[in-house]
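2 protein chains.
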Amino acid sequence: MSEKKYAIGIDFGTESARTVLVALEDGQEVATAVFPYPDGVIDEVLPGSKVRLEPDWALQNPVDYVSAVKVTIPQVLKESGVSPQDVIGLGIDFTACTMLPTKADGTPLCALPEYAQHPHAWVKLWKHHAAQPEANQINQLAQERGEPWLARYGGKISSEWFFPKALQILHEDPEIYEAADRLIEAADWIVWQLTGVETRNLCTAGYKAIWDKRSGFPSPDFFAALHPRMRNIVREKMKEEVSPLGARAGGLTPEMAAATGLREGTPVAVANVDAHVSVPAATVVEPGRMVMIMGTSTCHMVLGEEQKLVPGMCGVVEDGIIPGFFGFEAGQSCVGDHFAWFVENAVPGAYEEEARRRGLNLHQLLEEKAAALKPGESGLLALDWWNGNRSILVDVDLTGLLLGATLATKPEEIYRALIEATAYGTRIIIETFEESGVAVNELVAAGGLPERNKLLMQIYADVTGREIKVVGTSQAGALGSAMHGAVAAGPALGGYRDIREAAAKMAHLKDVVYRPIPEHKRVYDQLYAEYVTLHDYFGRGANDVMKRLKRLRAEVLAQS
Amino acid sequence: MSEKKYAIGIDFGTESARTVLVALEDGQEVATAVFPYPDGVIDEVLPGSKVRLEPDWALQNPVDYVSAVKVTIPQVLKESGVSPQDVIGLGIDFTACTMLPTKADGTPLCALPEYAQHPHAWVKLWKHHAAQPEANQINQLAQERGEPWLARYGGKISSEWFFPKALQILHEDPEIYEAADRLIEAADWIVWQLTGVETRNLCTAGYKAIWDKRSGFPSPDFFAALHPRMRNIVREKMKEEVSPLGARAGGLTPEMAAATGLREGTPVAVANVDAHVSVPAATVVEPGRMVMIMGTSTCHMVLGEEQKLVPGMCGVVEDGIIPGFFGFEAGQSCVGDHFAWFVENAVPGAYEEEARRRGLNLHQLLEEKAAALKPGESGLLALDWWNGNRSILVDVDLTGLLLGATLATKPEEIYRALIEATAYGTRIIIETFEESGVAVNELVAAGGLPERNKLLMQIYADVTGREIKVVGTSQAGALGSAMHGAVAAGPALGGYRDIREAAAKMAHLKDVVYRPIPEHKRVYDQLYAEYVTLHDYFGRGANDVMKRLKRLRAEVLAQS
Chain A
264 MSEKKYAIGI DFGTESARTV LVALEDGQEV ATAVFPYPDG VIDEVLPGSK VRLEPDWALQ
324 NPVDYVSAVK VTIPQVLKES GVSPQDVIGL GIDFTACTML PTKADGTPLC ALPEYAQHPH
384 AWVKLWKHHA AQPEANQINQ LAQERGEPWL ARYGGKISSE WFFPKALQIL HEDPEIYEAA
444 DRLIEAADWI VWQLTGVETR NLCTAGYKAI WDKRSGFPSP DFFAALHPRM RNIVREKMKE
504 EVSPLGARAG GLTPEMAAAT GLREGTPVAV ANVDAHVSVP AATVVEPGRM VMIMGTSTCH
564 MVLGEEQKLV PGMCGVVEDG IIPGFFGFEA GQSCVGDHFA WFVENAVPGA YEEEARRRGL
624 NLHQLLEEKA AALKPGESGL LALDWWNGNR SILVDVDLTG LLLGATLATK PEEIYRALIE
684 ATAYGTRIII ETFEESGVAV NELVAAGGLP ERNKLLMQIY ADVTGREIKV VGTSQAGALG
744 SAMHGAVAAG PALGGYRDIR EAAAKMAHLK DVVYRPIPEH KRVYDQLYAE YVTLHDYFGR
804 GANDVMKRLK RLRAEVLAQS
Chain B
264 MSEKKYAIGI DFGTESARTV LVALEDGQEV ATAVFPYPDG VIDEVLPGSK VRLEPDWALQ
324 NPVDYVSAVK VTIPQVLKES GVSPQDVIGL GIDFTACTML PTKADGTPLC ALPEYAQHPH
384 AWVKLWKHHA AQPEANQINQ LAQERGEPWL ARYGGKISSE WFFPKALQIL HEDPEIYEAA
444 DRLIEAADWI VWQLTGVETR NLCTAGYKAI WDKRSGFPSP DFFAALHPRM RNIVREKMKE
504 EVSPLGARAG GLTPEMAAAT GLREGTPVAV ANVDAHVSVP AATVVEPGRM VMIMGTSTCH
564 MVLGEEQKLV PGMCGVVEDG IIPGFFGFEA GQSCVGDHFA WFVENAVPGA YEEEARRRGL
624 NLHQLLEEKA AALKPGESGL LALDWWNGNR SILVDVDLTG LLLGATLATK PEEIYRALIE
684 ATAYGTRIII ETFEESGVAV NELVAAGGLP ERNKLLMQIY ADVTGREIKV VGTSQAGALG
744 SAMHGAVAAG PALGGYRDIR EAAAKMAHLK DVVYRPIPEH KRVYDQLYAE YVTLHDYFGR
804 GANDVMKRLK RLRAEVLAQS
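Order-wise, the sequence lines are chains A and B.
Oh and the first sequence: position 226 is 489 in our numbering, straight run, nothing missing.
Oh and the second sequence: position 109 is 372 in our numbering, straight run, nothing missing.
Heads up, some of the hints might be wrong.
Intra- or inter-copy, both count: the list cannot distinguish identical chains.
With a cut-off of at most 20 Å between alpha-carbon atoms, the simulated EDC-like pairs for lysine to aspartate or glutamate come out as follows [unchecked claim]: (1) K341 to E631; (2) K366 to D436; (3) K366 to E461; (4) K813 to E640; (5) K813 to E793; (6) K784 to E818; (7) K813 to E782; (8) K673 to D660; (9) K632 to E607; (10) K813 to E675; (11) K810 to E640.
What the hints contain is simulated information worked out from the structure, not anything from laboratory work.
Let the hints inform the model, and build the full structure from the sequences given.
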């Protein structure tokens, strides 16, 4: 048996799965493999049929997840030359809530010929948004009944979460609801396929299925009030026992060992969520340091010693990110998407021409031009609500605003104003946490944006007045999963005692630190005060013009 | 002597003069000539020198005006084949306030070698904006003293007007101020050159030099409080007598007759202003019908029976447009400029490509795409303040706002929202007039925009709820001047008794009428209510964020 030990992490994303093989001693990513799902995101027609989907649907095929395991693990083993004997653990993370109905043995209903034509038999992807009526119903009932758990989720359950999706199945296809012995997170389902053991991970249970360590799931009375058939959904269709993060779900089955080339019995960790598993991969295992996962949207995560009810947060879950702490999650629904919209819809041909000539993409050109501006120079201010507001207002009906334009306003000034707006949005989240008693002293950035846009990072530092560090890996999810695999293996097999120990060894930051520039901070403090005034005026009911415009739009379109 | 009689009108614009020869019986424009000023707009270096101008300066060379007369009149005579015997009158209109210092005989100071190097010796064009400190001083003093005339100008004298420009000369080059026997409108100066008679026309006196039929110019005490040397500016440097519009200033001098080919003694009308002279050319000689001259900005003019103080109007002058009525003027400072800014700065290359492929310009393409949208469909709302707000807020420090954007917002939706914003701006002007007792029952559109953009005209009809007619000529200024030439000639020479009679014969509308579409009007009423709420919130002091951003911008740039 050689000295060096390894773990494998698999990050199941929206379009593909990404697998890394990582050295335990230093977190070095020795090999990587990516597997695009053959059926991808299913939002038009069910595979192998002519069944068309309605708007806002987004499904997946669970076969693709298994294929990802069987394809990528042999690839990383081969690429690295590492012996399966030295791979001591395996962890996975998943998008969430991504859920499916199965039989008692784990067979997905969509894999059975009699149900394959039923859209509700398939995996509902996190961004399946067709359960909004069910989410509304849940929220209204919870408010009426004064359900205590509602406050843990910023006062609103999202249509993306578990019970709205389950209720949609019951409403629209009761046959499938009845046929389902299990309604399960895809994260837990793939662990079940790997180990033969059904578990329910604490992270999705807490953040997506309204579970709490102290009070459990919502009561049967609540579910019965939603729908009589739903009273015993937890007992009947879900694994009631919730497993902590880093625990060992089981060992690799003989069949999976044969298919992947790993040893039978290789420890597999309880499942996790992509964003949450990135926190220890960003070196964060203690309170006070907020991880921002910045992509098309931004997810903010921070740990605390006590449960605090923070206005507009997405959720707080005890042990939900790192055991021993309350894990707080907040979010901005439009960040990278914001800039992508601008580049596609509002940048003149002359800029495209210049970018082409100079071998840049438009983002790079705009970043360069915007970086030449001083804070406050454009005279512009924006509200970052092009896709509604998640935290702290939790209102999808808010829309974007740009103020201060003149005949001299240039595209790069607007681009910068949009970046600044997302930075103000992050600052208001940070300040709301701090006002609620959750400290945020430092920021750690992960995701695609921090690597691509240095101007953005500096603006975030200047606006928030906090140092920003950057995660050392571009695949924080898969690394975090591998770390959990090492914890599931435990010290006896050469792994780690807990996620703190794993993070100390395996997680790293880049050398770069973005520090607030005091002169910039002074200007941004003034601009932020203006942002807050507009945020509150348009976001807290003084002038609901954005909602009235949306309603008018819907009326006008309905008359077509 | 043949039957048909003609008049000539010359419209002195910013870059060129335009001359038309018009048939009196029906207003037919028989011949047209355009003369671009050789020295154009002088805003960098004085002609024939190395003297550089400061920012915001805009001068002209008066020699160019005389050249325009001598070049274009022979051209229209030749082109038309009309005998000079049948040209019974001549009228001119000019940009205003465009003014210059001269000797007692009318010689411009800039034409004298001893003053040619003095910037202040030259013609100050209407858009010379360097007298803002002087305008501020005048406004402050007038407020302190409670000068009754201030309310006739919406509470603010513009830096473009006569006395700020005169005071700037006195402040910055007292030698020129002393040397000037006359400070005169270029409009009156060119009539002086044509006739040898110095007059001061009522239109510029009233709208640009704070003159009123009943109370005259501001008092010597007021001027003395501005500057001791200025106490007797009216008596010392201006023609005190003000001549009514349509009156005969004099007859063509022998020298000018020889140079132009017209008869010596041909009646020349008192001067007029380009926008104001367009009103009768738009068939409007009575109250209730508002003329909108729509180009880069929009000028709104309407007649009334009584003097009313309308908030935020540019001015009200008795007999200032049509003798016998009070002439009201209001304005929007950013209309065509608004759309031009958008097209230059915010339309993606793919649209440019499509326009090129289809042989359209970008405005045409955007108009076509925007026309496919229904009112309210975009969910967008804008404030048309990209260049501040003239009427009704009279505030240059306001800036543009766009609200309601989402990730699905398209360029044509923003384009349409900008058009709609200018229409709301016109509606608020109309409603302010009506609330002040000045009726506006119908709109007549002149200028470049109405011909180019039918969608815009329909939106204006839908938003204002009023029929819009369109002026029959694209050179309303020159036609209006020719009409005034016919009035100056009078019935004895085959001309007209007054401008009403001239308008009845010579002015025409196009066949097209834009009528409000009731379904559109209903939606726009809702959107307009939202516009007014935002207009008042940002424009009347509830949230002065636009001004604070402008101030911050100036501070930031000053630190560079």
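Against the structure, the hints:
no.: 1; hint: K341 to E631; result: neither (42 Å within a copy, 58 Å between copies)
no.: 2; hint: K366 to D436; result: within (16 Å within a copy, 95 Å between copies)
no.: 3; hint: K366 to E461; result: within (12 Å within a copy, 102 Å between copies)
no.: 4; hint: K813 to E640; result: between (32 Å within a copy, 9 Å between copies)
no.: 5; hint: K813 to E793; result: between (24 Å within a copy, 13 Å between copies)
no.: 6; hint: K784 to E818; result: between (44 Å within a copy, 15 Å between copies)
no.: 7; hint: K813 to E782; result: between (39 Å within a copy, 18 Å between copies)
no.: 8; hint: K673 to D660; result: between (28 Å within a copy, 18 Å between copies)
no.: 9; hint: K632 to E607; result: both (17 Å within a copy, 17 Å between copies)
no.: 10; hint: K813 to E675; result: between (28 Å within a copy, 18 Å between copies)
no.: 11; hint: K810 to E640; result: between (31 Å within a copy, 13 Å between copies)
Violated hint: 1 only; the structure is consistent with all others.
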